[in-house]
Amino acid sequence: MLYAILCYHSEDVVGSWTKEEDDAVMAKLAVVQEKLVREGRLGPVARLLPTTAATTLRKDREPPLVLDGPFAETKEQLLGFYLIEGESLDAVLDTAKELGKANPGGSYEIRPVGTFFPGPSAGAVAPGQSGEPKP
Amino acid sequence: MTELAWIDTTLSAARPQAIGALLRYFRDLDIAEEAFQEACLRALRLWPQNGPPRDPAAWLIFVGRNAAIDVVRRRGKERELPDEAVLSDLDDAEASLAERLDDAHYRDDILRLLFICCHPDLPATQQIPLALRIVSGLSVRQIARAFLVSESAMEQRITRAKSRIAAAGVPFEAPGPIERAERLAVVATMIYLVFNEGYSATGLEAPGRAPLCDEAIRLARLLLRLFPAEPEIMGLTALMLLQHARTAARLDADGAIVLMEDQDRSRWNAKMIAEGLALIDKAIRHLRPGPYQLQAAIAALHARAVRAEDTDWVQIDLLYATLEKIQPSPVVTLNRAVALSKVAGPEAALRLIEPLAPQLSGYFHFFGVKGAFLMQLGRNDEARTAFGRAIALASTPAEAAHIRSHLDRLAHDSAPAGATV
Chain V
24 MLYAILCYHS
34 EDVVGSWTKE
44 EDDAVMAKLA
54 VVQEKLVREG
64 RLGPVARLLP
74 TTAATTLRKD
84 REPPLVLDGP
94 FAETKEQLLG
104 FYLIEGESLD
114 AVLDTAKELG
124 KANPGGSYEI
134 RPVGTFFPGP
144 SAGAVAPGQS
154 GEPKP
Chain L
80 MTELAWIDTT
90 LSAARPQAIG
100 ALLRYFRDLD
110 IAEEAFQEAC
120 LRALRLWPQN
130 GPPRDPAAWL
140 IFVGRNAAID
150 VVRRRGKERE
160 LPDEAVLSDL
170 DDAEASLAER
180 LDDAHYRDDI
190 LRLLFICCHP
200 DLPATQQIPL
210 ALRIVSGLSV
220 RQIARAFLVS
230 ESAMEQRITR
240 AKSRIAAAGV
250 PFEAPGPIER
260 AERLAVVATM
270 IYLVFNEGYS
280 ATGLEAPGRA
290 PLCDEAIRLA
300 RLLLRLFPAE
310 PEIMGLTALM
320 LLQHARTAAR
330 LDADGAIVLM
340 EDQDRSRWNA
350 KMIAEGLALI
360 DKAIRHLRPG
370 PYQLQAAIAA
380 LHARAVRAED
390 TDWVQIDLLY
400 ATLEKIQPSP
410 VVTLNRAVAL
420 SKVAGPEAAL
430 RLIEPLAPQL
440 SGYFHFFGVK
450 GAFLMQLGRN
460 DEARTAFGRA
470 IALASTPAEA
480 AHIRSHLDRL
490 AHDSAPAGAT
500 V
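Here the protein sequences line up with chains V and L, keeping their order.
Counting from 24, one number per residue, gives the positions in the first sequence under our numbering.
Counting from 80, one number per residue, gives the positions in the second sequence under our numbering.
Hints in this document: simulated from the structure, not taken from any laboratory.
Glycine is no exception: its CB is placed at the ideal position from the N, C-alpha and C atoms.
Take these hints with a grain of salt, some might be off.
What the hints assert, rightly or not - Sample of chain V residues lacking proximity to chain L, with all beta carbon distances greater than 12 Å (derived): (1) Val37; (2) Arg64; (3) Gly66.
Claimed, not checked - FRET-style restraints, in silico, Cβ to Cβ: (4) L:Arg133 <-> V:Trp40: 44 to 50 Å; (5) L:Asp149 <-> V:Met49: 42 to 48 Å; (6) V:Lys58 <-> L:Gly287: 37 to 43 Å; (7) L:Pro407 <-> V:Lys98: 47 to 53 Å; (8) V:Gln56 <-> L:Pro199: 26 to 32 Å; (9) V:Met49 <-> L:Glu82: 18 to 24 Å; (10) L:Asp87 <-> V:Ser111: 37 to 43 Å; (11) V:Leu25 <-> L:Val385: 36 to 42 Å; (12) L:Val265 <-> V:Ala27: 24 to 30 Å; (13) L:Pro199 <-> V:Leu102: 48 to 54 Å; (14) V:Ala50 <-> L:Asp87: 19 to 25 Å.
What the hints assert, rightly or not - For lysine-lysine, the following BS3-like pairs were computed, each having C-alpha atoms within a straight-line distance of at most 25 Å: (15) V:Lys120 <-> V:Lys98; (16) V:Lys98 <-> V:Lys58; (17) L:Lys404 <-> L:Lys421; (18) V:Lys51 <-> L:Lys350; (19) L:Lys350 <-> V:Lys42.
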């Protein structure tokens, strides 16, 4: 089974870390990640830019509504995510609108990725595995 | 991170929200600060045993408020109680915490806290230290170090600023939309001043002042989270991120300025640039350009250029021309002239700045730029005169040293007969 681990923390607190503190945390995480790499279990890892850089597309109406800021509706739950390459916010919004047409309702939060590590084992664990147990 | 360090970061992160709310209850900055202080002391005692609360800011507000009510009562015995009207919020001290901690309140609480630090009665030299002390929670010693004054002088400056605010009265009613927009603009200016205090430092001062840039960015992000759809606040945040991203490459080992075209771009902070560019992208969608967005867009074009020669000077010139229209200033025109010199040559640039001479006769950069244009045109004697004026007007040894390097080049270039640039 492939799992996503969603990272929650106070942005105020993490944003107050000095560069040294931030580097120290990242170094400690790297140790754990290396172990996962050796075990062939690590897929892509992304660290997102602050929520201030976020845009939300509400696709529960037509045309969909573009809002500044992160998604903050507690009645809906995080059900999945895409990683999309895009020239600009506008280009990514176009893609999101297209996806939204195919699956209306709810919202997409669009957030630039700050640090991205594709994960050497992504190929080994990812393709086509939707979580079904292997026969 | 150790537990103590974690608590420390949490306390400083919760500070603006907590002090802002306490200020609303007590309508007195000193009481609000004392209340927060007391709450922090209790947090340091209790959090290691009980673990951190779910909502640290709410905890600090609640505990601080109760502590301060005691203090106010005790003080009542020593001196006259404050006006009842002033303490009207205490009547319903039993009101539910949930209602008290309404998010809508937070927004105006923090804005008010920032806004009183930029009270028009306060000169900038007092606004910035006050904001750093009250909102950011830097110690008087840290602020004094950044401003190169003694701790007691800084203490005095902050005390004076606080009493001016107390005398002037703080606006406590929730602001209407127009007033809120005005407050935002004033606060944005103050945040950019904080940033520039850090950014403009060179030489030995630079390391001590660099934290001011981080602090300004933190304040801007805070403001942006409260007002997520304000394109100028996005622009301000982006501008500071894009400028701050160059920090590691901006000064040489002696703290002297390295011109942008000579900077080692691999030392620019890619993550800050990415965030700055993302914010501009968001701001532009609003189609409500403003000075911060335009300056950020200019900084973005520099950030996007992999090498100095890849810089899109045509776009930069156009952006400066727009900035000139919405915020006319001789300094903006001077900056535009630098872009124009790259697009249309030094002669056109020189023509653009000549009318500025009367307004900028005491401005270091005017003569530095003018000298550079004249030097490019091979008018070396006039260039020397301009550089001489610039050195006389330099406010830091780094500025003077930079101009002297031009003069050295002129001397070197004129040695072989007829050599021009």
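When you check the alpha-carbon spacing of V:Lys120 and V:Lys98, does it fall within 25 Å?
-> holds, 21 Å
Whether the CB-CB distance between V:Ala50 and L:Asp87 falls inside 19 to 25 Å | With Cβ atoms ~20 Å apart, the hint holds.
Starting from the range 26 to 32 Å, see whether the pair V:Gln56 and L:Pro199 falls in it by beta-carbon distance.
-> violated, 52 Å
Within 25 Å, alpha carbon to alpha carbon, are L:Lys350 and V:Lys42?
-> holds, 12 Å
Taking the CB of L:Asp149 and the CB of V:Met49, does the distance hold inside 42 to 48 Å?
-> holds, 44 Å
Once the closest CB in chain L is found, is it more than 12 Å from V:Gly66?
-> holds, 22 Å
Taking 25 Å as the top limit, are the C-alpha atoms of V:Lys51 and L:Lys350 close enough?
-> Holds, because 20 Å separates the two Cα atoms, which is no more than 25 Å.
Is the hinted range of 18 to 24 Å satisfied by the C-beta distance from V:Met49 to L:Glu82?
-> holds, 20 Å
Note whether the CB distance of L:Arg133 and V:Trp40 lies within 44 to 50 Å or breaks it.
-> Given a distance of about 21 Å, which is not inside 44 to 50 Å, the answer is violated.
Measuring Cβ to Cβ, find out whether V:Arg64 lies farther than 12 Å from everything in chain L.
-> holds, 26 Å
Does the Cβ pair L:Pro199, V:Leu102 satisfy 48 to 54 Å?
-> At 50 Å between Cβs, range holds.
Just tell me: holds or violated, for the beta carbon distance of L:Val265 and V:Ala27 against 24 to 30 Å?
-> Check failed, 44 Å falls outside 24 to 30 Å.
When held up to the earlier numbered hints, the structure conflicts with 1, 4, 8, 12 and 16 and fits the remainder.
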